[in-house]
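> Take a look at the letters that make up each chain.
Number of protein chains: 2
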Amino acid sequence: MNSGVGSMGAMDPLAALRASADLYINPDAREDARRDASLLLSTATPGTVPEAVHHYYGLLPLEADPASPAGAPRSSTGGPPSVVYKAVSTDDGRGYALRRYLGAPPARGDAIVASVEAWKRIRHPGVVALREAFTSRAFAPARSAMPPANELVFAYELHPRAETLRAALQAPPHLSSLHAVDGPLSEAAVWSLTTQLLTAVAAVHAANLVLRTALSPDAVLVTGRHRVRIGRLAEADAFDADGGALGHAASTARLAALQREDLGNLGRLLGALVNRGPAAGAADAGRRAPELTRLVSLLVGGSARTTVTDVLSFIAPRLAAESAAVWSHADATQAVLHQEYDASRLLRLSSLLGFINERADDASAATGGNAAWSETADRYLLKLFRDYVFHQVDADGRPLLDYGHVMECLSRLDVGSPETVLLSSRDGAALILASYAELQRCLRTSLEDLRMRANAHSM
Amino acid sequence: MNSGVGSMGAMDPLAALRASADLYINPDAREDARRDASLLLSTATPGTVPEAVHHYYGLLPLEADPASPAGAPRSSTGGPPSVVYKAVSTDDGRGYALRRYLGAPPARGDAIVASVEAWKRIRHPGVVALREAFTSRAFAPARSAMPPANELVFAYELHPRAETLRAALQAPPHLSSLHAVDGPLSEAAVWSLTTQLLTAVAAVHAANLVLRTALSPDAVLVTGRHRVRIGRLAEADAFDADGGALGHAASTARLAALQREDLGNLGRLLGALVNRGPAAGAADAGRRAPELTRLVSLLVGGSARTTVTDVLSFIAPRLAAESAAVWSHADATQAVLHQEYDASRLLRLSSLLGFINERADDASAATGGNAAWSETADRYLLKLFRDYVFHQVDADGRPLLDYGHVMECLSRLDVGSPETVLLSSRDGAALILASYAELQRCLRTSLEDLRMRANAHSM
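In order, the protein sequences belong to chains G and E. Residues 407 to 865 in my numbering are what the first sequence spells out, letter by letter. Residues 407 to 865 in my numbering are what the second sequence spells out, letter by letter.
One chain only, chain G, in its complex shape (with noise of 0.2 Å):
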């Protein structure tokens, strides 16, 4: 419904986005907005997916289905084939991604358990939240020979427009969220995803917990412009062939060990970002940004006792920096979000304006034998009103469809401004001057009649 009538004036959110330095600006942000609302009301083919699984419904598969000849190839997890389904769940309405392994899951019920458990506490803007983990046979061929398997599922919080680093990475630059509108990945835009990788891993590593195969091309999702987030949490633990190796329960030495893995994966995530591309070795990099090479070098080759706690004293100057970055973000979105509210404000009016306007004679007969409720008294100055804010026409009789009208009188309405407004009968013979003050009287006595009404006995 891109109708376009008339101007959208202040509403337009992307003058404030352009007159601030974001790096993270969504010049999309309100179409994405409504990409997500409509990929949440989105379902598959009826048969094609269980109708529910656990408490989830509204099942869309993300990906490709493995088993299929177009299939994923097998996880660079680990683990069995894999596939995504968006869902919604019945206990808050809201979006997750369940990620089903294909087949029995491995054995060790217990430790998948405990290690879940311990990876649900990791609350951090760089990482893919998990919410749960659970097997299920609903996703059981109805008419399969075999037993179901109890499968296993992970439900992680839902990132409609994710894509892996890898897809990200190989995708040409003026398509990717990783490149300016402009050219390539810039270096602040380099620095500013090492930050947010680095201090999820350091929220990770305080926890007791390592992320292993989460730090590959194929786990990290790019969420937005400029923005990663660490997915497929506790995964790699799940399906951890050496059982007395899970972070949660590892040895101090065995976790400190693991943790410096990390720091190397981590190392050569952030080479393939300076060069642009997983596939490129690292000879090009010191040439463009000495600093970014210098960090890839601590964290792939440097000390083995090297802590993520060392590596975020290293690069302190860019912490600050990225600090004030998002702040800049914040402060932008924050700055739309105001206009929004003044947007949402005048919806809310005119939805009550529309309670009122023509309701028909038969409801109010019903309830109190009102012959024409909605077109008498304090009704009929909002009737004519509405004439006023709607259906304006021009010298000649031409219908005037100005969004910018609208917005101007409901704002007016809102505030109950002591301006005035000249109200004419529809056959042009009364004219009725009245302020919006007294209309916002109006449209409130006419909604308390309308609720009274509403709660009074039937009769």
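Be aware that one or more of the hints could be misleading.
What the hints assert, rightly or not - Here are some chain G residues the structure puts well away from chain E; computed CB gaps all over 12 Å: (1) His461; (2) His744; (3) Thr782.
Said to hold, decoys possible - Stretch-level coverage of chain G by chain E, calculated; a stretch enters the list once three of its residues show a Cβ under 8 Å from a Cβ in chain E: (4) 439-450; (5) 514-528.
By construction, these hints were calculated from the structure, which means they are not laboratory data. Each residue gets a CB set at the ideal place from its N, CA and C atoms; glycine is no exception.
Start from chain G and add chain E according to the hints.
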């Protein structure tokens, strides 16, 4: 108009904000947006302020007049008494804070100009941005016997709900934006304020400038919940008695010494924060937050060669945590913004319906001779849909005022869902089954019809 009809359901942003671990959550953001908009429209009693100063109009004093008996004491930044006005620029329609120094400025105009140019380039979320400085005779009393003084005025970006750090620290906890809703300033909050100020100092020092008196509780502003900005940039330079020591023109050694003094002043500010009030000493702080106390010692008492970069490395893990906290805040704000985008899309749709429903016959007659345009064909379906959306009644004929129902119907119309809705004529004689996709088509063609007539030559 807090008339509270029905439930705001999924549109309520507070639920989303409460669900996030957001240190900067502002539960009154919606009301603040309204008050900010209204401050911008407020003006002083005519005759008490100039109608225009430079390209600024709509002046309103934001502090007591220092010339009046209840006025503020002499400026702590070392200059003459000053007074602050809110104003709006004719250049961009945005709000600004004008700080006017009473009386003639120091005669070193060229030094002030050079300093102001340097400060204008500092754009950082931890400072109040300086837009410009100028001199003006506009404030002189009309009937004064003296020739009007050419007074110095600094124009800063406006933060409508700002208070000085001194005022915030002295306010009772439940009234101060520095304190948690249910208790005193938490250690996490002090660390956040610390990193906000410290990263701003780093940006200023990197530009070879010094803050001097701007690092005082009278110049630092609290602009939101747990949100501070260093204000009054450039003012200390303008009124500096030591003519050769302006930050932007100082020798390297002098600059380093002044920057070290800035760190000491920052340390004293943080000490005041740790102690919840600027008057208290540092005696008790150690027990409460040992790491913060070590930082204050480093700033106030450390080596004469300590730089802001040393301090950043010292608190690197805190910088990482702050960066994550700000991302969480930005993400939560973004989520609320997406909900508001949904609301504004539906407001638009509601307005489009308003353009069509009940449009009077005389408008139709004047343009096409179509006797009952809004009652026939596609428009009739839209009229019945309007009844369905806004005029629901229960089994006993009582009005149902369900805001959630309105939102749901408009959302489905917005995406043109294949779902169907059973529409009933007002006499109940006819029932029509229509899909939202079909209703969306009706809306589009009706609008095209209206727009065609709007563009038609008059008859």
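> Now tell me, hint by hint, if it's right for this structure.
Hint by hint, here is what the structure shows:
1. His461: holds, 18 Å
2. His744: violated, 4 Å
3. Thr782: Fine: 16 Å to the nearest Cβ keeps Thr782 (chain G) off the interface.
4. 439-450: holds (count 6)
5. 514-528: Our answer is that it is violated, as 0 residues pass the Cβ test (under 8 Å) against chain E, missing three.
Checked against the numbered hints given earlier, the structure breaks hints 2, 5 and satisfies all the rest.
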